[in-house]
Structure formats: C-alpha cells, structure tokens
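Visitor: Letter by letter, the chains look like this.
Number of protein chains: 2
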Amino acid sequence: MRAAFNIAKTADFRLVRPNPLVGAVVASSDGNILGEGCHEKFGAAHAEVNAIQNALKHTNDLSACTLYVTLEPCSHQGKTPPCTDFIMRNGIKKVVMGSSDPNPLVSGATVLKEAGVNVEVHNYPALLDMNREFFVNQLHQRPYVVLKMATTIDGKIADRNGKSKWLSNEESRIYVHEHLRTEADAILTTYHTVLKDNAQLTIRKSDGSVLDKDIIIIDRDFQLLKPENAGLSIFKSHPHSTIFLFGLHKHMNDVPKNVKIIFTDFDQEGNIKLDAMLKMLLEQKHYKILVEAGSKLATQMMIHDCIDEMKLFVAPVVFLDNQAISIFNHDHYTSLLDTKKFQLSGVHPFASDVLLSYVKKSL
Amino acid sequence: MRAAFNIAKTADFRLVRPNPLVGAVVASSDGNILGEGCHEKFGAAHAEVNAIQNALKHTNDLSACTLYVTLEPCSHQGKTPPCTDFIMRNGIKKVVMGSSDPNPLVSGATVLKEAGVNVEVHNYPALLDMNREFFVNQLHQRPYVVLKMATTIDGKIADRNGKSKWLSNEESRIYVHEHLRTEADAILTTYHTVLKDNAQLTIRKSDGSVLDKDIIIIDRDFQLLKPENAGLSIFKSHPHSTIFLFGLHKHMNDVPKNVKIIFTDFDQEGNIKLDAMLKMLLEQKHYKILVEAGSKLATQMMIHDCIDEMKLFVAPVVFLDNQAISIFNHDHYTSLLDTKKFQLSGVHPFASDVLLSYVKKSL
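In order, the protein sequence lines correspond to chains A and B. 940 is the number of the first residue of the first sequence in our numbering; add one for each residue after it. 940 is the number of the first residue of the second sequence in our numbering; add one for each residue after it.
Be a bit skeptical, because a hint or two may be false.
A pair counts as met if it fits within one copy or between any two copies, since identical chains are not told apart.
[As the list claims (entries may be wrong)] Heads up, simulated EDC-like pairs for lysine to aspartate or glutamate below, C-alpha to C-alpha not over 20 angstroms straight-line:
no., residue 1, residue 2
1, K1032, E1222
2, K1165, D1024
3, K1212, D1277
4, K1300, D1244
5, K1018, E1167
6, K1300, E1109
7, K980, D1277
8, K1144, D1124
9, K1235, D1000
10, K996, D1270
11, K1189, D1204
12, K1227, D1151
13, K1300, E1110
14, K1189, D1206
15, K1165, D1146
Calculated from the structure, these hints are not laboratory results.
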C-alpha cells in the first residue's frame, strides 16, 4: 500500500482534479511488485488499469496476485469503463483498498465481493489526507473551502472601526496571490468587503501580469448593482471570468456583462443559506474556493463546519483593544470541549509574519 | 567585528549572566587577527583583556593595532579592574565598539577619547539582540520579562467562565518545564492563578525529578495567607526557594517559612505598581522572569511596555465565543498604527500545537 501511495503522489494533482490522486500496485504471492500505475490525468486511464497492464508485461497469469489500490475501484461507466470489470477480467482474486470511495455511484468493493473476489477495505488517514478536496466534494457535495485571514498576535483582524488595510506584509500578500488565489477555482467574498477596500481580487503575478478568477459575492440586496457602484474596480478587473452575485430576488436594472445573478435564500438574520449556495458552486465546477471576507461570514461558515482549511497570516503586533474585531465573533457559550477542532498542517514564516495552516480535524 | 561577535557567542551565557556576552579581537594594521578573546564567566577576565593578552603572545607592540570589541569597555573597578586602563597601558590607539554600554557607570568611550584614543561607537542590532536580557536590565532597571500564554487559534485563553486547564498539549507543557521555567530566575503569577488551579509552578524534569524556583505572587490582600489556603500545593512544592508575596500592608498572622512578604503600592483600580515591583525584583537578582498568569496581568504589563518576549502556545482549536477570555483585554481604542510592535523570533511546532516566539521590536 505504501508503494501504491508513493506512485499516486507522482501524478500532478492539477492535471487530475477534480478526480483524486490514485495509485495501484499488482504484487505477486511472494510480495514482488509486478506492475504499478497511477491516475495521471483527468479523463485518462485509472491507476488500477495502468498497474494491471504493466503487470501483464511480466506474466499472463495474475490469478495469484494481489491488487493494492489507494482508493476503492470504480464500478460504473464514467470517462472510462468500470475498473471492477477490468480487474475481474484479468482474474485477480484479491484486492486491498486503502480508502473507500464516498461517491454512491462507486460500489467497487461490493461488486468485487459479490463476484467472489477477496476484498479488504481500509481507510488510512494519509490516503484521506492526500485527497481532502475530493473527499469533501464527494462527502458534503460542496467545494473544499479555504479561509484566509490576516490577524494580529491576539486574534484581531481590524480595529474597532473596521480598518485593517495592510495588516500583513508584502511577502504574505505575494503568497496570497501566487498560491492561495492561484490554487482556488474561485474567491468567495461579500459586498461589504468589496465596497470597503474597493477590492480587485485579482492575481498579480511576480512577472507583473494580472490574472482574474471567478468571484462569488454575497450581496443580498444587490448593493453592488446600484448606479453609484458602477465604477468599482472589481467590474473592470475581471474581463476573463465571471462575477457571481448571490442575492434575494428584487427588481433590477442593468447588469454588467461579466456578472451573473443568482437568486438564493437568506435567513431572517440576513445570513445566506450556506448549504444551497455551496451546492450550487460545486455544480458550477468550483471544486475549491478561497474565502476572503470579514468576521461575519467566517463565523457563519465556522459554525456550519464548512471551513476545511485555514490560512492565518499572523502579523507581529498586539491590539490590546477588546473592541477590535476578532477573527470569529459569535455570542454563544462554548466550553473547552465544544471548540472546533483543527490540525496544524504547516508553518511558514514570511519575514516577521507567520502563516499558520490548519486543516479540519475530521473530513 | 564579525570575528568578535563570533567569539562572544562561544561563551556559555548561563555562566556569564547577569553579565553580557562580549567578544574582542586585536587586529594588526593590515587586518590580521593577532588575538581574540571572550568574557567566559561571571567574575572572570573581560573579553578585551583576554584578546590583548593573546595578541601579546605574537608581538610586544600593539600601537598600530585596532581593538574590536562587541560592547563598550568598562571604565570602573568592578569584579575586575577597568578595561580602559588595560587598553591604554598596552598602547592601543584605535578601539571600535559594536554597542555602547547602557550602564551609567560605564563610560569607556569617553575615557578613551579623552586619553587620545581613536574611538568608533556603533550599535549593531545583532549585538543588541545577543544581550537583550542585559540591555533590558541596564536600560530599564527591571528584569527581562517573558510572557507565556496558551491560546486558541482565535486568541482565547479560557472559556467565558475562566476554564482553561489542558488547553495546550503534553509536548508544549514539557517545553514549558524544561525550557521556559528552567531558564527563568523566577516565575511571576497572581494569587488568582494559584488559587484557580492549585498551581505548583515547579519544574518537572524528564528524569522524574522536580525542581523549584522562586515564585513571585501578586496578592494585594494576602488571600493566600488565609487559614483556608494553608493547604495549597505551592507552599509545599517550594522547599528550596522563596515565595515572594507582594501585597498591601495589613495585619497578618503566621507566615510559612518559605514565604517572604513584600509591602508595595497598588493603584485605585487594584493594579500593582509595576515599576516599583519590577525594580525590587531586579535588586533581588531576578534578572529574567517568566510570567504565567491571566489576561489581567498580561494586559497591564503589555500596556506598560514591559513584556520583552512572548511565548505563545497556539492550540489547534477555535472558540468562536466572543465572551471567551482573550489573551489581552483592554477597553481602549487602538488604531492600526498604535498596536504594540513585536518581531517574530521563532516558530516551533509541538505536534498540533505551535509555539510562536516574539521579542519586543525596540529594546
């Protein structure tokens, strides 16, 4: 399984996504590896097929072999034929799976068992970790959500008047552009954040070029479509992408060409119904989104357990002011046992800032 | 100067303190190093003397040589005779100093200049950093103060009822004992912290042994001396050290043998007058203290700019609760410009906790 894990990681996840990284190994009864393979590219052959085909170069008889595969093989016709058929057709009698596939269309373990194949299913944490985005997409039918925040040492994101510009340093901001924004399919924000900083939310590359990605803006009353906001930078800075405005149904006039209006529900407190919005975003092929907003949206998402990863840039300053705005702000008693649990996944100093990366403890 | 800096660091600061680390180099007119030396031990010869004595093994005539020394040479009789005398007696005509000595008794630069020696004084940040404790002791006439806190990702140290026990993990706690408590001369806390957890504040070593250090407790009304508190662990766990109780003058009965009462001033809000207390602690040879207390004392010390170093253990949890207790808690408007400035000095993951170390930006 370790060999299968290692070969899985040789693929470039950017070519594979939204599929997961998968590796497979065919081993002889005495434990020698006869063939290995990975899923190299979205739409291309699955890892099991590649591994079996490589093994067939050495021997015609795989009946005494075991197939180790990091993820449960597919049993349905997708971009490629079902892997379970290919496994059985080649006479493999034992399959060990490193993780089960959460997609209900995939029932490879059951199909193989029913056909008399000896099946072992594990759920190794390292294999779940390798494909966190895929598992979140499948399990929760929503994008993988990354929350980015710039905070002080004492957990404040803005002064009590909401001022926060340039809290983090230049090195941190470069990382946001070159990595966090670049690696997301879209950026989620609120009309308030866009208005406050006249934010562009583009990707400034180190070579001076500027790229734009889809932007999702929560804007219940379509404030951004008011005539006085027609000059906002965001409308001009997104010529190659779409700005999705999520709001309540109301009569409206002109909508800029790169803006797509989506009518959705809000609760009585004015909070968007997150589940519906996130499901819609996944349907729009936004597999991974970066949240760049204020405390209110971050808190709502945290309460609903839909922050999969946090990227906190901690600036080397202390606010002291207990009315300065905190990262999260929920007036609800929480005990030490009820805290939201994360796992430290990385630590990265940028001069005197430090980036703390966390992933959600349970998928 | 780089050579002098490097030789300074070869000494063990634990043997040297409360003196600073100092290195010196005697260089010929063509830039060759003829002798070098450092201050090796408290009470032993100063770096300049060692460097000059080593140079004299190569030549009798140092009149064309330059002395590079990381700290301004002393000009007064201390544990050893004044270094300025020794420099002049050996005919050295040029002295370059990497940092000036903040002790008013030390006026080596002036003494040498008046004797016709060519003197250059710098204040290189790396040299100030190397002796931060010494400079703080000298400049501010108080101990070097290290604040230790265990916080959540969102800057909370306890739930809204003050519960905080075991927020940080075992690896973090080992580090507190083996490093932070071990390296301080005393631990500063409040009666409230002692009462809340029945804290022992000892040093548990990895070999199972337990050491005790001086404890300083702010206890305005001498609550800990009330009969009902006689059984507190702290009185039993400090057989080899002293517990200093800082409070207001009041009639009192029995005082345990290892307790020393110190009467001091408090302001109208019940806060101890920090300056007086810290000055007294330095006089008691507490050159470096570790603060392990709650938000109130931490905030007071931060407001008064007397936190020289922060050690924050960040646990991988989020509280969300805006009434949970923050690291600092001061109801006073602070703008982004008025924040307290620090510098990241280290990052150390302990499993899923991370220790962020900061030093004050200006000494």
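Visitor: At most 20 angstroms between alpha carbons: which applies to K1018 and E1167, within, between, both or neither?
Guide: Cα proximity of K1018 and E1167: none, with 48 angstroms in one copy and 76 angstroms across.
Visitor: Given a CA cutoff of 20 angstroms, do K1032 and E1222 count as a within-copy pair, a between-copy pair, both, or neither?
Guide: neither (38 angstroms within a copy, 80 angstroms between copies)
Visitor: Regarding K1235 and D1000, is the shortest C-alpha distance of 20 angstroms or less found within a copy, between copies, in both, or in neither?
Guide: neither (61 angstroms within a copy, 74 angstroms between copies)
Visitor: With identical chains, the pair K980 and D1277 could be close in the same copy or across copies; at 20 angstroms between alpha carbons, which is it: within, between, both, or neither?
Guide: neither (41 angstroms within a copy, 52 angstroms between copies)
Visitor: First find the shortest C-alpha distance between K1144 and D1124 inside one copy, then the shortest across copies, and answer within, between, both or neither for a cut-off of 20 angstroms.
Guide: within (16 angstroms within a copy, 50 angstroms between copies)
Visitor: Go through the copies and call it for K1300 and E1110: within, between, both or neither, with a Cα cutoff of 20 angstroms.
Guide: between (28 angstroms within a copy, 19 angstroms between copies)
Visitor: Given a CA cutoff of 20 angstroms, do K1189 and D1204 count as a within-copy pair, a between-copy pair, both, or neither?
Guide: within (12 angstroms within a copy, 65 angstroms between copies)
Visitor: Given a CA cutoff of 20 angstroms, do K1300 and E1109 count as a within-copy pair, a between-copy pair, both, or neither?
Guide: between (30 angstroms within a copy, 19 angstroms between copies)
Visitor: State whether the alpha carbon distance between K1165 and D1024 is at most 20 angstroms within one copy, between copies, both, or neither.
Guide: Neither: 57 angstroms inside a chain and 80 angstroms across chains, both beyond 20 angstroms.
Visitor: Regarding K1300 and D1244, is the shortest C-alpha distance of 20 angstroms or less found within a copy, between copies, in both, or in neither?
Guide: Within one copy, since 11 angstroms is at most 20 angstroms while 37 angstroms is not.
Visitor: Go through the copies and call it for K1227 and D1151: within, between, both or neither, with a Cα cutoff of 20 angstroms.
Guide: within (16 angstroms within a copy, 52 angstroms between copies)
Visitor: Under a CA distance limit of 20 angstroms, which applies to K996 and D1270: within one copy, between copies, both, or neither?
Guide: neither (64 angstroms within a copy, 74 angstroms between copies)
Of the hints listed earlier, those the structure fails to meet are numbers 1, 2, 3, 5, 7, 9, 10 and 15, in rising order.
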